[in-house]
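*Asks:* Okay, here's what each chain looks like letter by letter:
There are 2 protein chains.
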Amino acid sequence: MNFHGHQIIGKTTSAESGETFTGIDPRDGTVLPGEFHEATNAEIDQAVNLAAESFDTFRHTSLEDRAAFLEAIADEAIAFGDEFLIRASAETGHPLPRCTAERGRAVNQARLFAKMVREGSWVDARIDKALPDQQPVPRPDIRSMMKPIGPIAVFGASNFPIAISVLGSDTISAFAAGCPVIIKAHPAHPGTCEAAALIIQNAIKKCGLPDGIFSLVHGRSARVGTELVKHPKLAAAAFTGSLNGGRALFDVANARPVPIPFYAEMGSVNPIFVLPGALEERADGIAKGFIEALTTGVGQFCTNPGLVFGIGDNSGWDTFRSTAAELATEYDPQTMLHSGIHYAFEEGVKAMQNMGGLTLKARSIREPVEQKSEAACYLFETDSEGLLDHPQLFEEVFGPVSTMVECQSPRELEAFAEQLDGSLTASIHGTEEDLETYKNVITVLERKIGRLIFNGYPVGLDVCDSIHHGGPYPATCHSHFTSIGTRCINRFVRPVCYQNWPNAALPPELQDENPIGIMRMVNGERTRSV
Amino acid sequence: MNFHGHQIIGKTTSAESGETFTGIDPRDGTVLPGEFHEATNAEIDQAVNLAAESFDTFRHTSLEDRAAFLEAIADEAIAFGDEFLIRASAETGHPLPRCTAERGRAVNQARLFAKMVREGSWVDARIDKALPDQQPVPRPDIRSMMKPIGPIAVFGASNFPIAISVLGSDTISAFAAGCPVIIKAHPAHPGTCEAAALIIQNAIKKCGLPDGIFSLVHGRSARVGTELVKHPKLAAAAFTGSLNGGRALFDVANARPVPIPFYAEMGSVNPIFVLPGALEERADGIAKGFIEALTTGVGQFCTNPGLVFGIGDNSGWDTFRSTAAELATEYDPQTMLHSGIHYAFEEGVKAMQNMGGLTLKARSIREPVEQKSEAACYLFETDSEGLLDHPQLFEEVFGPVSTMVECQSPRELEAFAEQLDGSLTASIHGTEEDLETYKNVITVLERKIGRLIFNGYPVGLDVCDSIHHGGPYPATCHSHFTSIGTRCINRFVRPVCYQNWPNAALPPELQDENPIGIMRMVNGERTRSV
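Protein chains in written order, with this note's numbering: chain A, 1 to 530; chain B, 1 to 530.
Simulated from the structure, these hints should not be mistaken for laboratory data.
Quick caveat, the model's predicted, so the values are computed rather than measured.
Among the hints, erroneous ones may be present.
Mimicking BS3-like on lysine-lysine, the simulated pairs with C-alpha atoms at most 30 Å apart in a straight line are [as the list claims (entries may be wrong)]:
no., chain 1, residue 1, chain 2, residue 2
1, A, 206, A, 147
2, B, 233, A, 439
3, A, 439, B, 129
4, A, 206, B, 439
Residues of chain A placed beyond 10 Å of chain B at every Cβ, according to the derived structure [as the list claims (entries may be wrong)]:
no., residue
5, 71
6, 284
7, 412
Glycine is no exception: its CB is placed at the ideal position from the N, C-alpha and C atoms.
Could you build all of it, start to finish, from the sequences and the hints given here?
*Replies:* See the structure below:
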């Protein structure tokens, strides 16, 4: 396909700026077709204004219409064909099957949200009927439900060019809520973004929705994202990426005359705890699972495990370490997403190699090729003192590198759990008896972690109602919210309350007859009855 | 009762600083008994550390135990007797019956939250059972629910010394969630705060809970609040007060190395729209209701109506204006909460008197007594141009002052609705036909307003499940959340997700058997079944 490289502002395109950049294949540095224009401030302004203009129409669409729109996006993503995937593969170095799998996830996700939107109970409708005889003051009829908040800026992730980018859960949940979306295209996969934008435009046309509900702006400079977040008509932004980038935009969002929520998912260290019972039973298997998790997608997952804690007084721990080391050695270096990420990885590993008390336990035998932005797998090890000496080990290094930490007691594990920053996940390998012995560790983790995994690995989450992809800072900027799973619609809605409102003028979700048949809270009871 | 005026840090008290202040009766400037010590940074640190230490115990209490605790607070508030109310009256100038009513609201509120906590469905439990045959990847068992986030700082409001202060919904909802609370006592009613703290301590003792879950620090200086919000172990803060104070602390919360949510409810202009059908039917009655709402509590309600829009081409509008003017004239000036608020009110009114195009339509005949911090009722009027010339009229002046704005068309009303900032409420007086004719106005208001009232008045809300006391900035800092009503517990919880977790080690809310019988989402269906 051909890439025009322009901003997409509703149904029009615009390329005011002469400043352009290109997509690059990280596997060999090839410049990919298409010149992408940096968005000007005027173009950003146009996109957000158009989104704001379309908001009143879009938010008044029925739940059924919005569900159909999400399903149309899923259908169009399939119908668009493989060129989209080929471009995604070229821009990220992801093998094609991975891109196909990502599309599958994005499609299923859009359908899951469609199902939720259509069912309708997610609006959290509440009705308290009038109590004219209430003492000391009569109660009027009061009803409330969640309503969309307005135009949303979406900053996709470099590591999931399909499933956490233009077609990702930020876009899908904003649309599900009834909010227009302005995408800040990821500069590392601009062509993939343009293709995905066409998919969404096709769905908009098919459903007869206002074209202003979707725009996309390009930019490599921080200015583009900053201007977008500063725009007075923006209602919120969602971001997946680095701590530095996320925090900078979070600060911009909060410094506005009218602050807006900035929902950033910024990654985390995702510790694994390997407890003695499990080590005795299956040290080998856990080590295999660990290295697989560590190297999946060249270690470029938000949930990549950066620290592994084990109890040293256990022969299983030695088995675990040696199996993990062996597998790390065998890992064939792979191309990272782009040269910037590759450089940061190499710098991170270099810093670790220079830390006293930290030993390089294993490294891929094959030398990575720098021109291909290849990353080897690195496995370090240390003991409690080594970790205490280097608190920077609690920070994420993005890529296939992890540190095994040998502890001596439950208390030591508990102390390290206490030192962890907020994290998306923690994984505990153990027996049920271990869970009892180490329950203080779990108690601490429940304060710090978004998702606690028992005898499993953090990468490769299932998109469903119960999943949580969030957690205390720096995992995210607001731990109440998730960026994956159906709960993530909560980021883009707020309660609107109607007091003494005529039944016919109420939204259907709040009408006496409960025409959509949703679960509501009526006079304190959860019910689908009227 | 005697007031020690010390910081209350769990079960101990502390008065490190020699710097003290007193409560003052605004009705005559009398210095009230008790010297209250400014909290030192060390005392603040102690209080938050103690809260953090008690968190693990408190959050593991059962829903039943927490419900019983909230009911104990309600019972102790009654058992404490009237001295509490007498002090509140003396510190605020509120007549005693108002203080009694406030206690009633606080007590009912604690009981409402107890009911919600005990019922348990509020935890939003979600279960997606394992699908070992799912393609392309099997799904593990995934479950999640809301869990408390940690120590919460509460900044109560000056205008509700009982119902929105130490015993208010911020404290009650934090406790309901399982979060310890540190109160920053309001310096305008420090004695009332100390008495309310005793009530909570009595309930803690009665229920055998850790004393560290509740502390209270005093301070007139901004330092005390700032230090509290900056404390690394604080998880969130809730605030009700002025825009300046709220925004300053919001900025502190966001500038932390680890930012925390700062939930501020900062008041709003609460417009009233009087539509032609209603004006024809009952201009007189609406004017009476309006002036009553404007002067309730000496106009010191967050929901006080600061702007009234009417359609001039209507004899009912003249009736409305003259009746409102007559009633404003008759209003007997009353004592405001304290001299600072009184001064700000007088300054606000003075500024309005100097605005060209704005006419003083009416003022209380009786001259207010400055030594008693008395406020007269002021009613201004202007037309569209006057309002356009003075956008500051869209900002709140706290007290019994309002401006009637004469418009000429639905379009003009719509344009003004569009100019409004976020507001807690808007009230529409009209017929159902008016609602149809002016539906564009409603469409705009649904974007700006937290609670839309039909043929009613904003002051005096009912605390229930459906109420919403929030709205877009500057009404609050985060429009997803409310500070009143049971939804306000959402501010203090976050999802915690358990993957492949042994049933016995799960919290009861997520166990297979559904032992508490709560409503859950199981495999996408809302059900109380297992």
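*Asks:* Measuring Cβ to Cβ, find out whether residue 412/A lies farther than 10 Å from everything in chain B.
*Replies:* Consistent with the label, residue 412/A stays out of reach of chain B, its closest Cβ about 18 Å off (over 10 Å).
*Asks:* Verify the proposed pairing of residue 439/A with residue 129/B, using a straight-line Cα cut of 30 Å.
*Replies:* Holds. Residue 439/A to residue 129/B sits at ~24 Å (cutoff 30 Å).
*Asks:* When you check the alpha-carbon spacing of residue 206/A and residue 147/A, does it fall within 30 Å?
*Replies:* holds, 25 Å
*Asks:* Test the statement that residue 71/A is away from the interface with chain B: the closest C-beta pair must be farther apart than 10 Å.
*Replies:* holds, 16 Å
*Asks:* Is the nearest CB of chain B more than 10 Å from the CB of residue 284/A?
*Replies:* holds, 20 Å
*Asks:* Take a quick look at whether residue 206/A and residue 439/B sit within 30 Å of each other, Cα to Cα.
*Replies:* holds, 29 Å
*Asks:* For residue 233/B and residue 439/A, compute the direct alpha-carbon distance and say whether it is at most 30 Å.
*Replies:* Distance ~22 Å between residue 233/B and residue 439/A Cα, so the pair holds.
Comparing the model with each earlier hint shows no violations; every hint is respected.
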